[in-house]
Amino acid sequence: MVTPLLSFDFGQFLPPMLRGAGVTVTLVLAAGVAGTIIGLVFGVARSAPLAPIRWLASVYINFLRGIPILIILLFLYYEIPLLFPYATFSQTLTAVIGLSVYAGAYMAEIFRGSIQAIPRGQLEAGEALGLNYLQKMRYVVLPQAMKIAVPPGIGFLIALVKASSLVSVISATDLTRAGRIITSQNHAPLSTFLVVAALYFVISYPLSLFGRWYERRLA
Amino acid sequence: MSTPPPTPTVMINVEDLHKKFGDLEVLKGIDAKVNEREVVCLIGPSGSGKSTLLRCMNRLEDFHRGQVTICGHDLTGSRTSLHAVRRDVGMVFQSFNVFPHMKVIDNLTLAPMKVLKISRTEAKQRAMALLEKVGLVDKAHVYPGKLSGGQQQRVAIARALAMEPKAMLFDEPTSALDPETVGEVLGVMQNLAEEGMTMMVVTHEMGFAREVADRVLFMDNGVVVEQGPPKQIFEQPQHERTQAFLSKIL
Amino acid sequence: MSTPPPTPTVMINVEDLHKKFGDLEVLKGIDAKVNEREVVCLIGPSGSGKSTLLRCMNRLEDFHRGQVTICGHDLTGSRTSLHAVRRDVGMVFQSFNVFPHMKVIDNLTLAPMKVLKISRTEAKQRAMALLEKVGLVDKAHVYPGKLSGGQQQRVAIARALAMEPKAMLFDEPTSALDPETVGEVLGVMQNLAEEGMTMMVVTHEMGFAREVADRVLFMDNGVVVEQGPPKQIFEQPQHERTQAFLSKIL
Amino acid sequence: STGSSGGGSSDPGDSQLNKVLKAGELRVAVLPDFPPWAVQKADGSFEGYEIDIAHELADSLGVKLKLVSTDGDSRLPMLQSNRVDVNVSAWTSTNERAQTAGFTIPYDAHGAGVLFKKGADITSYQDLAGKSVSVARGSTNDTILTNDFPSAKPVRFDAISDVISAVKTGKVDAALESSYTVAQAAKSDPELEAISNPPLDPQLVSMGVLPGDQVWINYLNNFIRNLIASGEDNKLHEKWLGEPLASIVSVQGNAA
Amino acid sequence: MTINFGAVLPYLPVMLKGLWISIEVTVLSFFIGSVAGVFVYLGRRSELAPLRWLAHAFVEIFRNTPLLVQLYLIYFGLPQVGINLDPFWSTLLGMTLNNAAYTSEIFRAGIESVPAGLVEAAGALGMRSMQTFRFVVLKPAVRNVLPALTNQFIVLFLFSAVGSVISLNELTSALADLNQRTLRTLEIFTLGGLLYYLTSAVIAGSSRLAERYLFRW
Ligand SMILES: Nc1ncnc2c1ncn2[C@@H]1O[C@H](COP(=O)(O)OP(=O)(O)OP(=O)(O)O)[C@@H](O)[C@H]1O
Ligand SMILES: Nc1ncnc2c1ncn2[C@@H]1O[C@H](COP(=O)(O)OP(=O)(O)OP(=O)(O)O)[C@@H](O)[C@H]1O
Ligand SMILES: [Mg+2]
Ligand SMILES: [Mg+2]
Numbered sequence: 001m002v003t004p005l006l007s008f009d010f011g012q013f014l015p016p017m018l019r020g021a022g023v024t025v026t027l028v029l030a031a032g033v034a035g036t037i038i039g040l041v042f043g044v045a046r047s048a049p050l051a052p053i054r055w056l057a058s059v060y061i062n063f064l065r066g067i068p069i070l071i072i073l074l075f076l077y078y079e080i081p082l083l084f085p086y087a088t089f090s091q092t093l094t095a096v097i098g099l100s101v102y103a104g105a106y107m108a109e110i111f112r113g114s115i116q117a118i119p120r121g122q123l124e125a126g127e128a129l130g131l132n133y134l135q136k137m138r139y140v141v142l143p144q145a146m147k148i149a150v151p152p153g154i155g156f157l158i159a160l161v162k163a164s165s166l167v168s169v170i171s172a173t174d175l176t177r178a179g180r181i182i183t184s185q186n187h188a189p190l191s192t193f194l195v196v197a198a199l200y201f202v203i204s205y206p207l208s209l210f211g212r213w214y215e216r217r218l219a
Numbered sequence: 001m002s003t004p005p006p007t008p009t010v011m012i013n014v015e016d017l018h019k020k021f022g023d024l025e026v027l028k029g030i031d032a033k034v035n036e037r038e039v040v041c042l043i044g045p046s047g048s049g050k051s052t053l054l055r056c057m058n059r060l061e062d063f064h065r066g067q068v069t070i071c072g073h074d075l076t077g078s079r080t081s082l083h084a085v086r087r088d089v090g091m092v093f094q095s096f097n098v099f100p101h102m103k104v105i106d107n108l109t110l111a112p113m114k115v116l117k118i119s120r121t122e123a124k125q126r127a128m129a130l131l132e133k134v135g136l137v138d139k140a141h142v143y144p145g146k147l148s149g150g151q152q153q154r155v156a157i158a159r160a161l162a163m164e165p166k167a168m169l170f171d172e173p174t175s176a177l178d179p180e181t182v183g184e185v186l187g188v189m190q191n192l193a194e195e196g197m198t199m200m201v202v203t204h205e206m207g208f209a210r211e212v213a214d215r216v217l218f219m220d221n222g223v224v225v226e227q228g229p230p231k232q233i234f235e236q237p238q239h240e241r242t243q244a245f246l247s248k249i250l
Numbered sequence: 001m002s003t004p005p006p007t008p009t010v011m012i013n014v015e016d017l018h019k020k021f022g023d024l025e026v027l028k029g030i031d032a033k034v035n036e037r038e039v040v041c042l043i044g045p046s047g048s049g050k051s052t053l054l055r056c057m058n059r060l061e062d063f064h065r066g067q068v069t070i071c072g073h074d075l076t077g078s079r080t081s082l083h084a085v086r087r088d089v090g091m092v093f094q095s096f097n098v099f100p101h102m103k104v105i106d107n108l109t110l111a112p113m114k115v116l117k118i119s120r121t122e123a124k125q126r127a128m129a130l131l132e133k134v135g136l137v138d139k140a141h142v143y144p145g146k147l148s149g150g151q152q153q154r155v156a157i158a159r160a161l162a163m164e165p166k167a168m169l170f171d172e173p174t175s176a177l178d179p180e181t182v183g184e185v186l187g188v189m190q191n192l193a194e195e196g197m198t199m200m201v202v203t204h205e206m207g208f209a210r211e212v213a214d215r216v217l218f219m220d221n222g223v224v225v226e227q228g229p230p231k232q233i234f235e236q237p238q239h240e241r242t243q244a245f246l247s248k249i250l
Numbered sequence: 001s002t003g004s005s006g007g008g009s010s011d012p013g014d015s016q017l018n019k020v021l022k023a024g025e026l027r028v029a030v031l032p033d034f035p036p037w038a039v040q041k042a043d044g045s046f047e048g049y050e051i052d053i054a055h056e057l058a059d060s061l062g063v064k065l066k067l068v069s070t071d072g073d074s075r076l077p078m079l080q081s082n083r084v085d086v087n088v089s090a091w092t093s094t095n096e097r098a099q100t101a102g103f104t105i106p107y108d109a110h111g112a113g114v115l116f117k118k119g120a121d122i123t124s125y126q127d128l129a130g131k132s133v134s135v136a137r138g139s140t141n142d143t144i145l146t147n148d149f150p151s152a153k154p155v156r157f158d159a160i161s162d163v164i165s166a167v168k169t170g171k172v173d174a175a176l177e178s179s180y181t182v183a184q185a186a187k188s189d190p191e192l193e194a195i196s197n198p199p200l201d202p203q204l205v206s207m208g209v210l211p212g213d214q215v216w217i218n219y220l221n222n223f224i225r226n227l228i229a230s231g232e233d234n235k236l237h238e239k240w241l242g243e244p245l246a247s248i249v250s251v252q253g254n255a256a
Numbered sequence: 001m002t003i004n005f006g007a008v009l010p011y012l013p014v015m016l017k018g019l020w021i022s023i024e025v026t027v028l029s030f031f032i033g034s035v036a037g038v039f040v041y042l043g044r045r046s047e048l049a050p051l052r053w054l055a056h057a058f059v060e061i062f063r064n065t066p067l068l069v070q071l072y073l074i075y076f077g078l079p080q081v082g083i084n085l086d087p088f089w090s091t092l093l094g095m096t097l098n099n100a101a102y103t104s105e106i107f108r109a110g111i112e113s114v115p116a117g118l119v120e121a122a123g124a125l126g127m128r129s130m131q132t133f134r135f136v137v138l139k140p141a142v143r144n145v146l147p148a149l150t151n152q153f154i155v156l157f158l159f160s161a162v163g164s165v166i167s168l169n170e171l172t173s174a175l176a177d178l179n180q181r182t183l184r185t186l187e188i189f190t191l192g193g194l195l196y197y198l199t200s201a202v203i204a205g206s207s208r209l210a211e212r213y214l215f216r217w
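Chains as they are written, first to last, in this note's numbering: chain A, 1 to 219; chain B, 1 to 250; chain C, 1 to 250; chain D, 1 to 256; chain E, 1 to 217.
No wet-lab data here; the hints were simulated from the structure.
All of these numbers come straight from a predicted model, not from anything done at the bench.
One or more of the hints may lead you astray.
[Said to hold, decoys possible] Straight-line alpha carbon distances no greater than 30 angstroms define the calculated DSBU-like cross-link-like pairs of lysine-lysine that follow:
{"hint": "1", "chain 1": "A", "residue 1": "136", "chain 2": "B", "residue 2": "133"}
{"hint": "2", "chain 1": "D", "residue 1": "131", "chain 2": "E", "residue 2": "17"}
{"hint": "3", "chain 1": "D", "residue 1": "239", "chain 2": "D", "residue 2": "66"}
{"hint": "4", "chain 1": "A", "residue 1": "136", "chain 2": "B", "residue 2": "124"}
[Said to hold, decoys possible] If you anchor each label on the Cβ, the simulated ranges turn out as follows:
{"hint": "5", "chain 1": "B", "residue 1": "243", "chain 2": "C", "residue 2": "247", "range": "24 to 32 angstroms"}
{"hint": "6", "chain 1": "A", "residue 1": "93", "chain 2": "E", "residue 2": "16", "range": "33 to 41 angstroms"}
{"hint": "7", "chain 1": "A", "residue 1": "210", "chain 2": "D", "residue 2": "94", "range": "50 to 58 angstroms"}
{"hint": "8", "chain 1": "E", "residue 1": "86", "chain 2": "D", "residue 2": "226", "range": "47 to 55 angstroms"}
{"hint": "9", "chain 1": "C", "residue 1": "145", "chain 2": "B", "residue 2": "176", "range": "18 to 26 angstroms"}
{"hint": "10", "chain 1": "E", "residue 1": "45", "chain 2": "A", "residue 2": "113", "range": "34 to 42 angstroms"}
{"hint": "11", "chain 1": "B", "residue 1": "229", "chain 2": "C", "residue 2": "62", "range": "32 to 40 angstroms"}
{"hint": "12", "chain 1": "C", "residue 1": "122", "chain 2": "A", "residue 2": "210", "range": "50 to 58 angstroms"}
{"hint": "13", "chain 1": "A", "residue 1": "116", "chain 2": "E", "residue 2": "6", "range": "40 to 48 angstroms"}
{"hint": "14", "chain 1": "E", "residue 1": "117", "chain 2": "B", "residue 2": "239", "range": "55 to 63 angstroms"}
{"hint": "15", "chain 1": "B", "residue 1": "120", "chain 2": "E", "residue 2": "27", "range": "45 to 53 angstroms"}
Ideal Cβ positions, reconstructed from N, Cα and C, are used throughout, including at glycine.
This is chain A alone, in the form it adopts within the complex:
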């Protein structure tokens, strides 16, 4: 007896699966880029000379890092439109926004760490040469901090690939939800999710490899 749990009809189900994978990749790329920009702004703000700016940034970072992405997504999708009717975005766009603000908080923390890792002497040297705060950041600190931030940044991007699986809660059809829709038709969760896992691996592993290669190159 062929147990239906172990069969997977690639001809029929691979295309929707790949489309889901495409959505996952798009989400991660978009949120990765947006999250890096948000993270840069808040990471720099977190080490700004003005206390209120530092304080605001740390509220954003700590709050978003303290709640599950699931809750962030649900809030954005269902509650924001109630409060601000004009901010009614599609599922995919909401997913991108949700993942971006989430990524922003984590990337900010990564940038803050790398900025702090730059020896104080570098800042003082910039200061003694007459560079102002933004110039010191732009020309002296950030170029060095960025380099340090790459390995943890890649690590987070990998986490983001996986966190993106949770956008299915707002019915965005990413790789995970594609898998769930397919199991409603083929009733074969084991094989279906093995394929899903394999696709996630294919998306995420190159990132791991790149991260490792980069770290070795730095050392």
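Following the hints, put chains B, C, D and E with the ligands in place on chain A, whose structure we already have.
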């Protein structure tokens, strides 16, 4: 020529300078003066406040009582003219603090372009001339990571000179160096002194102080204990703390 | 008493030692000997292989040709007796490498308890005696982070002595120190030498070498270029590389 | 703050009906994973019984149709956040739910069935007592199980496919799901069996909108009555589910 | 619809019950997983190539696939090979394996951050490698990794929410059920988010305290 030496202009003037870190009083009323074209060496035991004094002179460190004027800028009170001060006063640190992510030449052109707003071409010309002076023309397009400590410190000196400062502050510029490369850095500093740069140098290199300094200041525990020409300080120190210090270090 | 001096026992014997890192030959046939109760200083320019030679002597570094015997242990070939070698040979590094998470006293008792298996009480007594010797009794219950460089290095020396080694290797023990604390460490080492410890010391402190060493070895580029009593090496160096090196450093 | 657009108003200008006509587009929430009612296909488009009904509805209004994927949990929030105009998403119109959502007259009805592994001693609904039973979280089956079989242990999943998988893998003793779904699952897997008794508690399936928009509900009710009376609803039901519309539904068309 | 937190407050005990399960599964998986992580780390440094390779593959697989998918496979997939775990044990297993993969990497970083000089000094004192690890490397390494471990603990806690998908009745699952019952989405999820946030904040705070009192050097 027989013009009499002009009355010296005071380049750096420190009066009754007090500085606290929290409750710890680190500078307890310092008076010090450096004339134009003069080289003053600052010596003293670790923790006596030498670095702090130097850093107060270009306001890397705030102070809460006293007066500091440097190159015509009054540092007392508001922070308004900081920018101009930094332009006129070069500083060289113990840990060279060259920018590791920039080639040597870019280390030298960054501040002139961004702060003095001179053109890239002009900044480059100036930089090459300075590299010539510190003997590093062939390293212009190398990253600092590939240089020895002594070479990095020469880059740091050239970088400060690229701003065409009127005075230079040195904080133990050779104490992080291999014994063998100390000489090349002191050489560059000696040339600078001979060209007439106004310099204040914190150092443990008594040989340099003896040979190059016009005056030596001995600090201990936040006060200037004694000062005078090197010959006098090294050979006939008046104060017993100076004597104790010199006996340990020479 | 009129017993003639005994014929010296050889404590460390190095013959035709070769060492490569990958393709780079760092030691190119070294012959060196240290007798019991002898103090030998090793000098030479940076990169000449001094540290490597020292590290081969207690097999922190493998070597691929030649012979090393130390305190009666033959280091050539198999790794079996490494443990015993390390027990008999103390080592002190440039970066003090005291264990930061242990109080000073625990730094001194750890290895005797774990390696020599002596009791805690005995280890403590031994440790206190050694702290007395290096002048740090009052710091026994302090974490090393609170100590100055010189104090940390004295802890490191006491820690090595706690194993009651037959010979001590020092690799630039003072070059990471403030000029003022160099003296206290050299003082401890001088006492040790006077008590008859067999010592091999890599150093840039020519004053120490001149005063304390029985013999000085000058290394350059992986070979021992010249050796002899300090007076001879410092005042009448034979080899031109020695002359060049000394002229730079003195 | 108030998020509702209805709020008891009966001014036709405020009605969703008017907004749809003005926008020229009808936004309908549907399920992507509930074949044969509705399922998302490989190319991303939808098909199924409810999808056909949604098309009919858009045609009746003379506007374009936009389908938005939803799930059991999200049907009301979808309306509240103004992402859709109407749910055609197998929504059972219980009295409890009707207190917070607005429902039309039903266009379909189905009861619950029980799915279990062959050999399990389940011959009647009462046998669920004391057993672990998988249900879709928040579905009417969830409510039935909680209210009518208090000694059964509910095991809740988000997706209906997981409800069925739980039986197959022996995670639970039985599943309580739509009788049709249960029958399909039993047909596709020889290890499984569906209860032979008639479906439990026939449930009425309605379109759902925001509460209070009587103008919009009137239009939809009218549309459904015509759909039934014309025989179209029955035709679609037979096409997708292989059996005629339940009489409790079709009788509404006669009344019209 | 009017926002009314009063209407959902009576459900707070239900939420707290869910939160307790979240905490339970997180704490257990964190500690078991961290111990396992040490072994995975040792595997990665093993002299036996197959062991090294295996440990490496383990880390990469768990690092590069989502927990949600892992839980599906454990819960619905393992019965295929005769292992039938209930939601709690399935979630626990998934989170434990996940945590082992992550902490092994954290330990690696922590141990590599201990200056090589300390290891050499211990070697020069005649200490064997296990002794060196136990007495010289371990404590500084733990101190170095404590912030990263805390972070991992919080991430793990937040990701326990995924257990709801395989019917674990933890906090998120409780929130979803309540949401269905009351249809007060905003209030329910705000309150739930607050519970998650407060718990994370408590964890982060206690870790900082522990750091201050545990490592006084
Ligand atoms: N940022 C700071 N915060 C608190 N105390 C400080 C700070 N910087 C310096 N100190 C303290 O001020 C005193 C003087 O320090 P300073 O660095 O000026 O001494 P120094 O003479 O330059 O010593 P060294 O020769 O070691 O460089 C010391 O006791 C030092 O601990
Ligand atoms: N682990 C290593 N791998 C590769 N090359 C090494 C290693 N250790 C040392 N070397 C090289 O071996 C040569 C000799 O190094 P060594 O540290 O023995 O010199 P040294 O005389 O002690 O110098 P210094 O006075 O700077 O300490 C150098 O060229 C160095 O770059
Ligand atoms: Mg200083
Ligand atoms: Mg060396």
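C-beta pair residue 86 of chain E, residue 226 of chain D: status relative to the range 47 to 55 angstroms that was hinted: Since residue 86 of chain E and residue 226 of chain D have Cβ atoms about 50 angstroms apart, the given range 47 to 55 angstroms holds.
Given the range 50 to 58 angstroms, decide if the beta-carbon distance of residue 210 of chain A to residue 94 of chain D lies inside it. holds, 53 angstroms
Between residue 131 of chain D and residue 17 of chain E, does the CA-CA distance stay at or below 30 angstroms? Measuring from Cα to Cα gives roughly 23 angstroms; hence the hint holds.
Honestly, do residue 122 of chain C and residue 210 of chain A meet the 50 to 58 angstroms range at C-beta? For residue 210 of chain A against residue 122 of chain C, whose Cβ atoms are near 56 angstroms apart, the range 50 to 58 angstroms holds.
Distance restraint evaluation - residue 145 of chain C, residue 176 of chain B, Cβ atoms, bounds 18 to 26 angstroms: holds, 21 angstroms
Proposed proximity, residue 66 of chain D with residue 239 of chain D (alpha carbon, max 30 angstroms): Status holds; Cα separation ~23 angstroms.
How does the Cβ-Cβ distance of residue 120 of chain B and residue 27 of chain E compare with 45 to 53 angstroms: does it lie in that range? violated, 60 angstroms
Hint consistency between residue 136 of chain A and residue 133 of chain B [alpha-carbon to alpha-carbon, up to 30 angstroms]: holds, 27 angstroms
Can you let me know if the beta-carbon spacing of residue 116 of chain A and residue 6 of chain E is within 40 to 48 angstroms? With Cβ atoms ~45 angstroms apart, the hint holds.
Holds or violated: residue 136 of chain A with residue 124 of chain B, Cα cutoff 30 angstroms? Since the Cα atoms of residue 136 of chain A and residue 124 of chain B sit roughly 20 angstroms apart, the hinted pair holds (cutoff 30 angstroms).
Status of the given 55 to 63 angstroms range, CB of residue 239 of chain B versus CB of residue 117 of chain E: For residue 239 of chain B against residue 117 of chain E, whose Cβ atoms are near 41 angstroms apart, the range 55 to 63 angstroms is violated.
Holds or violated: the 32 to 40 angstroms window for the beta-carbon distance between residue 229 of chain B and residue 62 of chain C? violated, 57 angstroms
The structure fails hints 10, 11, 14, 15 (numbered hints given earlier, in ascending order).
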